[in-house]
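Produce the complete structure using the sequences and hints provided.
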Amino acid sequence: MNTAISISGLKALLPFLIMTAAAMVVMLGIAFRRDHRFTVLLTLAGLALGGGSLVFTPFAPDRYVTTLVLVDAFAGYYLALLFAAAFAVVCLSYSYLEIQGGHREEYYLLVLLAVLGAAVLAAATHFASFFLGIEILSVSLYGLTAYQRHRDQSVEAGVKYLILAAVSSAFILFGMALVYAEVGSMEFARIAIRAGAAGGALLGTGLVLIIVGLGFKLAVVPFHLWTPDVYEGAPAPVTAFIATVSKGAVFALVLRFFGNMDIRVGGALFLIFTIIAVASMFFGNLLALMQQNVKRVLAYSSISHIGYLLVTLLAAGPLRLNASAFYLAAYFVTTLGVFGVVTVLSTRDRDADKLDDYRGLAWRRPWLAGVFTAMLLSLAGIPLTAGFIAKFYLVAAGIGSALWLLVIVLIVNSAIGLFYYLRIIGAVYSMDGPPGPSMPISLSGSAALGGLTLALLWLGIYPGPFLALIGSLMQTAH
Amino acid sequence: MLKYALIPLLPFAGFLIAGLFGKYLKEKAAWFPIAGVVGAFLLSFSAFLDVLGGTVIDENLYSWISIGSFSVNVGIQIDQLTAVMLMVVTTLSSLIHIYSVGYMHGDKGYPRFFAYLALFTFFMLVLVMANNFLVMFVGWEGVGLCSYLLIGFWYEKKSASDAGVKAFVVNRVGDFGFVLAVLLIIATFGTLDFTEVFAAVNTPVADVTYSLFGGEIAVVTLIALLLFLGATGKSAQLPLYVWLPDAMEGPTPVSALIHAATMVTAGVFMVARCAPIFSLSEVAMNTVAIVGALTAVFAATIGLVQNDIKRVIAYSTISQLGYMFLGLGVGAFSAGIFHLTTHAFFKGLLFLASGSVIHALSGEQDMRKMGALKSKIKITHAVFFIGSLALAGIFPFAGFFSKDEILWSAYNSSDLGRVLWVLGVAGAFMTAFYSFRLIYLTFWGKSRVDHEVAHHVHESPKVMTVPLMILAFFSITIGLIGMPGALIPHANWFGNFLAPLFPHAEHAAAESHGLERMLMVFSVLVALAGIRMAYSFYVKSTAIPGKIVEKFQGTYNLLLNKYKVDEIYNYIFVDGLVHKLAKVLHSIGDVKIIDGFINGLAAAIGNTSVQGKKFQTGYVQQYAFAMGAGMVVLVGLYYVLK
Chain A
268 MNTAISISGL KALLPFLIMT AAAMVVMLGI AFRRDHRFTV LLTLAGLALG
318 GGSLVFTPFA PDRYVTTLVL VDAFAGYYLA LLFAAAFAVV CLSYSYLEIQ
368 GGHREEYYLL VLLAVLGAAV LAAATHFASF FLGIEILSVS LYGLTAYQRH
418 RDQSVEAGVK YLILAAVSSA FILFGMALVY AEVGSMEFAR IAIRAGAAGG
468 ALLGTGLVLI IVGLGFKLAV VPFHLWTPDV YEGAPAPVTA FIATVSKGAV
518 FALVLRFFGN MDIRVGGALF LIFTIIAVAS MFFGNLLALM QQNVKRVLAY
568 SSISHIGYLL VTLLAAGPLR LNASAFYLAA YFVTTLGVFG VVTVLSTRDR
618 DADKLDDYRG LAWRRPWLAG VFTAMLLSLA GIPLTAGFIA KFYLVAAGIG
668 SALWLLVIVL IVNSAIGLFY YLRIIGAVYS MDGPPGPSMP ISLSGSAALG
718 GLTLALLWLG IYPGPFLALI GSLMQTAH
Chain B
111 MLKYALIPLL PFAGFLIAGL FGKYLKEKAA WFPIAGVVGA FLLSFSAFLD
161 VLGGTVIDEN LYSWISIGSF SVNVGIQIDQ LTAVMLMVVT TLSSLIHIYS
211 VGYMHGDKGY PRFFAYLALF TFFMLVLVMA NNFLVMFVGW EGVGLCSYLL
261 IGFWYEKKSA SDAGVKAFVV NRVGDFGFVL AVLLIIATFG TLDFTEVFAA
311 VNTPVADVTY SLFGGEIAVV TLIALLLFLG ATGKSAQLPL YVWLPDAMEG
361 PTPVSALIHA ATMVTAGVFM VARCAPIFSL SEVAMNTVAI VGALTAVFAA
411 TIGLVQNDIK RVIAYSTISQ LGYMFLGLGV GAFSAGIFHL TTHAFFKGLL
461 FLASGSVIHA LSGEQDMRKM GALKSKIKIT HAVFFIGSLA LAGIFPFAGF
511 FSKDEILWSA YNSSDLGRVL WVLGVAGAFM TAFYSFRLIY LTFWGKSRVD
561 HEVAHHVHES PKVMTVPLMI LAFFSITIGL IGMPGALIPH ANWFGNFLAP
611 LFPHAEHAAA ESHGLERMLM VFSVLVALAG IRMAYSFYVK STAIPGKIVE
661 KFQGTYNLLL NKYKVDEIYN YIFVDGLVHK LAKVLHSIGD VKIIDGFING
711 LAAAIGNTSV QGKKFQTGYV QQYAFAMGAG MVVLVGLYYV LK
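So the protein sequences, as listed, match chains A and B.
The first sequence begins at 268 in the numbering used here and counts up by one.
The second sequence begins at 111 in the numbering used here and counts up by one.
Calculated from the structure, these hints are not laboratory results.
The beta carbon of each residue, even a glycine, is placed where N, CA and C say it ideally should be.
Among these hints, one or two may not hold up.
[What the hints assert, rightly or not] Stretch-level coverage of chain A by chain B, calculated; a stretch enters the list once three of its residues show a Cβ under 8 Å from a Cβ in chain B:
no. : region
1   : 428 to 436
2   : 489 to 495
3   : 630 to 643
4   : 730 to 736
[What the hints assert, rightly or not] With a Cα cut of at most 16 Å, we get these calculated EDC-like pairs of lysine to aspartate or glutamate:
no. : chain 1 : residue 1 : chain 2 : residue 2
5   : B       : K479      : B       : D560
6   : B       : K136      : B       : D217
7   : A       : K278      : A       : D329
8   : B       : K672      : B       : D418
9   : B       : K113      : B       : E169
10  : B       : K268      : A       : D699
11  : B       : K218      : A       : D699
12  : B       : K556      : B       : D476
13  : B       : K752      : A       : D529
See the structure below:
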């Protein structure tokens, strides 16, 4: 076993090293100069540098750096996605925090650390890096969720997330221990070989415990109960961060960990994932129907979206990595956009999470309303948006593997889902809105939203080049 | 022929400008959608001439999605069928846009209205120009979306938003069928391109059967039936027609464009487009014909007794759509499309004219509060009369030719066809009756108009009446393009035009022409009888209807209450299914669901205090407990399943 890190190994770790360095620079920067704009620029520079370094990173299908991480094209794609999402979140956070008082700078430190954790997850191939990544990510998220210390809801959400994430980590750790007890290795590849039919009781139980822990992070039924509370309580950009970076990284890990296992049709793991997927779709959508609070609607909607995404895990064939890669990209763009609108409409006192905040928005701010509509339609999977192509891809992958039950459930659920998105859209275009004492949207906020909308339409109308890119990247992964 | 890609894009540009800058443009915003739609009309006309000259266009613009070996293009197809649809859609859309300038004048949602109308036109054009199922689906979803937005979110009325919800839910059922059909097509043929799929339906690739509910069903039949389920939703056929009458809550030009002339015919168009699939399945064809004929009669009976002027026309639309499906189902695809075309003109006319009546009466829609309007709004009365003659199928108005071709095709097709013909003729009688009941109640007899309103009765401005007159002109003449062979041999221009797609032998040989002529005379006589009956009931001896109602109280109430179908659906689906489901969800206990209910009732009052309390009463423990319980269940499952 090769435990030494060579020079080329270090080069492969470049994005991670840059993120680590960026976190330290920002921390020191705050010590020297406490200035919101300055900190944001440092953070953005760090993320841009990290993203830029991906160009020079020597990705290769067997580029293991020790046994802990594998820097292949799969990791590269998800790193790019995570960095880009974090970049958008920081832009949105700037406009959000600018109107809040208090110490705002440490927020960005936490964001960078969380991104680092997420990045480690995307490349992890070993229980040690897996757990490290999860913890770096989660610990930063506690802080971010409770960042609005003057709001009870925010603090409450932070504490809830802390307690429940700790429970989930306990599940994961115990699961790892059980798996190790049987397999005698913490490497994903070795575990995958043993996890087939020959696996014993310890291994099976261990895997299920790990599913429980990861299910919590992904917010799938029945481990989803925290989601609406945390989504509602956390500051809007943090909610966006949890919904995208955190879940995306964990899903990348799920693909890496379970993707190599033999999840045969009819096998126990297959059925467990099917049950989780179906339950998440139905619960997410039906409960969203009954919500009045926009952030809670989006929370339940995200539960159902991860349910859809699980279809890719169950689909066989080479398409599934492509489908999940595209779906996550579309989901990132859409979720960031939708929370971006919530963010820029939020005021100092509270987030714009009531349906009434959106009533008549189209007449006060037609452009913003257009962006919001496009994002919601994309969540609903309406054609000409990224969400439609993404869902179509999922369905295509599903039928390719003859997963008719899942596909039909997915379609029924998209139908239900459209309903509550349309309700919000209806409010946006209704005539009886409050008159608009509209404060201007900050430049960074509009830039982020503009970029996201362009990405949304590009992925929806002309996704060819991006699909081709994903195809070539995922071909080398497995 | 890239320029034809502009046909949908021009209205879209109009939508963008009116939508985004409407705030500043105010009523000037209307000009951009109008320019876009009229531009689309001119281009459509040029495309139509191309097709007439023999150039059929089927071109991929770019590759939209490519997944492995499967790929879908964004592409346009302009063949004979599309050319007809383009002409119908752009002509009506242009006229209705112009009409709306007068109708919506002064409405605070003016720019928004035009933006929606243009957006709808865009999606409708995408639907008819698609060269594969997925692009068609874009249009299909898009028109549906515009339709619910226009029904439900226009007025702040509860009934309007309920109607929007209903249209939504019912259409979802249909769309589910459509989507499943598309997926089955992918799974079976590996492509969504119309040309490729239709070429493959006759090959061994299509020899797949599925076992469903204990029986074997050929994949082609399954696909056709699922597609037809989609069509019944969009085109308001039994059993999914219930949303259309309620959709009349939207503004009248919308009813004319979306819920009469174009969108609701999308199902008919789609079935005709998929004729190569349907033709292979006798089961599917018979289903289409039977559902069509039953809907035609069923909706007509309800139309007999309705009092709301728009609802009468709405039921008439459902009934006429039934005729179109009857035509398709007996294999007379071009007759179905012909009726679609003539119907678009005269039904568009009737809706716009009823809008003019409503406009004149300051918003009154109840025919019991109308009467004797013919001298006050002369133009409206004249065009309404023409439209009704066309609808009733009186020679030589438009509806005569198209309805007759359908009835004759049905009669000629099979034994089943004869039965359906009887239904069709019965429907024709009722059609004549209710359309002239409407005329007589509204325009003739004694005035029952409210005193207040009577002062303000006025003819609509030119910008409204001119489109009405143009439509009236077409309602008289458009039928001539489909002259039946029995009257003038080989003059059925419409049938010949569509012949490359839908081969039609000029029905049977000349010896049956005598019979065809007889049946024509018969059906005109039936229609005249209906008109005559309406005349004696509502003009001459107005006491008769009351007496009949008294005598057949039960039947009357059944019809007035639309066979209580809404109530039955409510009982089964809403009360039975949805509420039970809500209860179950409630009891399985996402704690916050309770919150959802309370929020609905008590809005935000005291929300924060509730929130605080929850935290202390320990929801976190419950959440953690749920995780633990979930873990136990999953581990248990793992061992059970392994």
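What hints, given by number in increasing order, does this structure fail?
-> none
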